[in-house]
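Asks: Here UniProt numbering is used: position 38 in the sequence shown is 38, and no number is missing along the way.
Just so you know, these hints were derived from the structure itself, not from any lab. Note that the Cβ used here is the ideal one computed from N, Cα and C, for glycine as well. You may find that some hints are simply not true.
What the hints assert, rightly or not - Computed list of lysine-lysine pairs in DSBU-like fashion (alpha-carbon distance at most 35 Å, straight line):
no., residue 1, residue 2
1, K20, K88
2, K159, K107
3, K79, K159
4, K187, K154
5, K107, K79
6, K88, K154
7, K159, K20
8, K187, K88
9, K79, K20
10, K107, K88
11, K107, K154
Said to hold, decoys possible - Ranges of calculated distance between the beta carbons of each label pair, as one might list FRET restraints:
no., residue 1, residue 2, range
12, T32, G194, 35 to 41 Å
13, A10, G127, 49 to 55 Å
14, E184, K154, 18 to 24 Å
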Amino acid sequence: MQHIQMSESAFTAAVQTYLKQITEDAAMILGTLDEKDQCLLCELDELGHTFQEMQAIASSFYLQSYIEHFTPSYIELAKAVQHLAEEKHGALIVIERTEPLDGMIQKGTSLHAEISSALIESIFYPGNPLHDGAVLVRENRVVSAANVLPLTTKNVDLKYGTRHRAAMGLSAVTDALVLVVSEETGKMSFAKDGGLYPLVSPRALHTK
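Based on the provided sequences and hints, a complete structural model is requested.
Replies: Below, the structure written as structure tokens:
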């Protein structure tokens, strides 16, 4: 997730670069299919990584447009998620949009505090009594922490833990957006309409 904003022109240029690379790599694979020493699995794996990187950049770019009108403190959220990912501190952050969420979650501890990166990072610091649930964000306030979300009813990959399944579960039945940081890998993602999308870090954007 980026707190350094990416312009539309830069995003378009990045996608064009990725698509060109994917096209060239796919053509090369097609042209060498008959070679006995070809490592097809390795080449397909590399092609898959390129697709994932492109999807992550697209997810990061579009996420801002999804929530900036509902959360004036978007930059503070982005900073918090980035810092949490760097430290591999698991996190689950719900951004309420047009649909009230009070009846859809099991309420935790009320906070009603102004959003700040420092506050969110402290909530999810390992050992904090509030870290093992979801933070609810409404406009520019952290409404509550340690909330319990409904888990997805879909069959999902076993690599996804409770946080990811909760993010998908709530986003499937409301228009909320849910940010997730994995404590195992530090990878960032967000859930929308029951789907889960990877996010890219600013470092990844600027090393391409």
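Asks: Evaluate each hint against the coordinates.
Replies: Okay, the hints, checked on the actual structure:
1. K20 - K88: holds (33 Å)
2. K159 - K107: holds (27 Å)
3. K79 - K159: The given pair, whose Cα atoms are some 26 Å apart, holds under the 35 Å limit.
4. K187 - K154: Within the cut-off at roughly 21 Å; holds.
5. K107 - K79: holds (25 Å)
6. K88 - K154: holds (26 Å)
7. K159 - K20: Judged against 35 Å, a Cα distance of about 31 Å means the pair holds.
8. K187 - K88: OK: K187 and K88 at ~8 Å, within 35 Å.
9. K79 - K20: Status holds; Cα separation ~31 Å.
10. K107 - K88: Status holds; Cα separation ~25 Å.
11. K107 - K154: holds (23 Å)
12. T32 - G194: 35 to 41 Å: holds (39 Å)
13. A10 - G127: 49 to 55 Å: The hinted range 49 to 55 Å is violated for A10 and G127, with Cβ atoms some 39 Å apart.
14. E184 - K154: 18 to 24 Å: Cβ of E184 to Cβ of K154: about 21 Å, so the range 18 to 24 Å holds.
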